[in-house]
Amino acid sequence: MKLEQQLAICKTCTKRKMDHEIGLVCSLTNAKPSFMDKCAEYEVDEAARIQLNDEVALDNQSLQNKLSADDYEKLRMEQNLPMAIFGGLLVGIAGAVLWAAITVSTNYQIGYMAVAIGAMVGFSMRYVGKGLDQVFGICGAIIALFSCLLGNFLSIIAYLANTEGLGYADALFMFDYAYLIPVMTETFSFMDLLFYGIAAYAGFRYAFRVITQKDLSDLLEAS
4 MKLEQQLAIC KTCTKRKMDH EIGLVCSLTN AKPSFMDKCA EYEVDEAARI QLNDEVALDN
64 QSLQNKLSAD DYEKLRMEQN LPMAIFGGLL VGIAGAVLWA AITVSTNYQI GYMAVAIGAM
124 VGFSMRYVGK GLDQVFGICG AIIALFSCLL GNFLSIIAYL ANTEGLGYAD ALFMFDYAYL
184 IPVMTETFSF MDLLFYGIAA YAGFRYAFRV ITQKDLSDLL EAS
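The numbering of the sequence shown is the working numbering, which starts it at 4 and goes up by one.
Check the hints yourself; a few may be wrong.
What the hints assert, rightly or not - Listed next, the in silico EDC-like pairs over lysine to aspartate or glutamate satisfying Cα-Cα at most 16 Å (straight line):
hint: 1; residue 1: K14; residue 2: D218
hint: 2; residue 1: K20; residue 2: D40
hint: 3; residue 1: K41; residue 2: D74
hint: 4; residue 1: K14; residue 2: E46
hint: 5; residue 1: K14; residue 2: D48
hint: 6; residue 1: K35; residue 2: D22
hint: 7; residue 1: K5; residue 2: D73
hint: 8; residue 1: K69; residue 2: E44
hint: 9; residue 1: K20; residue 2: E46
hint: 10; residue 1: K14; residue 2: D62
hint: 11; residue 1: K69; residue 2: D40
hint: 12; residue 1: K20; residue 2: E44
hint: 13; residue 1: K18; residue 2: D62
hint: 14; residue 1: K5; residue 2: D74
hint: 15; residue 1: K77; residue 2: D136
hint: 16; residue 1: K35; residue 2: E7
hint: 17; residue 1: K14; residue 2: E49
hint: 18; residue 1: K18; residue 2: E44
hint: 19; residue 1: K77; residue 2: D218
hint: 20; residue 1: K69; residue 2: E7
hint: 21; residue 1: K35; residue 2: E49
hint: 22; residue 1: K69; residue 2: E189
To be verified - Derived CB-CB ranges, DEER-like:
hint: 23; residue 1: Y111; residue 2: G200; range: 14 to 22 Å
hint: 24; residue 1: M187; residue 2: A119; range: 14 to 22 Å
hint: 25; residue 1: E49; residue 2: A97; range: 36 to 44 Å
hint: 26; residue 1: E24; residue 2: Q82; range: 40 to 48 Å
hint: 27; residue 1: S71; residue 2: Y111; range: 52 to 60 Å
Source of the hints: derived by calculation from the structure; they are not laboratory data.
All values reported here derive from a predicted model rather than from experimental measurement.
Where is the CB? At the ideal position from N, CA and C, for every residue including glycine.
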């Protein structure tokens with residue numbers, strides 16, 4: 004067990020004390036912790052546990068520094084990329100349909116919806132995927148961008164359906180997809196690029212599992 008792991012456990016022990024020369028030590032030994040797996044003298048200090056930061060997420064590098072290779076690998080084994088992709092696509096497509104419906108009902112394309120879709124995709128991937136690896140963020144960004152483009156496309160289809168007096172499904176199947184890129188390009192603007200970029204960033208950022216200092220303490224105590 005690394006010293007950082009030992010100290011993380013000591014921070015919530017009633018027998019801890021601060022030495023001005025060497026830092027946090029055990030009050031029983033007046034020395035840095037030396038236990039291997041669990042400390043036989045450990046006694047939880049609930050007040051100290053409450054004070055642990057439960058809001059700011061630790062980055063991946065910090066987790067690797069604070070956890071042993073085995074403990075970090077256990078966290079990685081909980082990852083589920085296929086479920087994360089499925090959940091992200093499901094939420095992204097639902098968001099795209101909702102965006103198109105709002106655009107049709109208001110006759111106005113709300114750019115902030117793209118950002119909301121990106122965040123929804125990221126959070127859904129985080130919830131079902133528990134991802135730590137970079138691939139989760141990359142997939143989140145791609146799915147968020149795809150969902151935004153799909154929402155824009157469905158808005159165009161809905162507009163064409165209303166203009167031609169067709170059903171939405173009929174317009175979707177009758178559309179000549181050879182004109183897909185020209186039509187999308189024609190309706191594209193600089194603001195779309197801005198919102199799509201923010202959406203992709205949100206999909207990337209929120210796709211990762213969040214582990215706080217308090218979560219880390221719980222993991223170390225359980226291991």
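Compare the distance between the alpha carbons of K20 and D40 with 16 Å, and conclude whether the hinted pair is satisfied. Violated - the C-alpha atoms of D40 and K20 are around 21 Å apart, more than 16 Å.
Holds or violated: K14 to E49, with C-alpha atoms at most 16 Å apart: holds, 11 Å
Below or equal to 16 Å on CA atoms is what counts here, so check K35 against E49. violated, 21 Å
Range hint 14 to 22 Å: satisfied by the CB atoms of Y111 and G200? holds, 21 Å
Holds or violated: K14 with D48, Cα cutoff 16 Å? With a Cα-Cα distance of about 9 Å, the restraint between K14 and D48 holds, given a limit of 16 Å.
When you check the alpha-carbon spacing of K35 and D22, does it fall within 16 Å? Holds, at about 10 Å.
Is the gap between the beta carbons of E24 and Q82 within 40 to 48 Å? holds, 42 Å
Mind checking the alpha carbons of K69 and D40 for me, to see if they're no more than 16 Å apart? Judged against 16 Å, a Cα distance of about 14 Å means the pair holds.
Holds or violated: K18 to D62, with C-alpha atoms at most 16 Å apart: Violated. K18 to D62 sits at ~29 Å, over the 16 Å cutoff.
Hinted pair K5 and D74, Cα distance within 16 Å: holds, 11 Å
Assess, step by step, whether the Cα of K77 is no farther than 16 Å from the Cα of D136, and give holds or violated. The hint holds at about 13 Å.
Sort out whether D218 lies within 16 Å of K14, counting only the CA atoms. holds, 13 Å
Hint violations for this structure: numbers 2, 8, 10, 13, 21, 22, all remaining hints satisfied.
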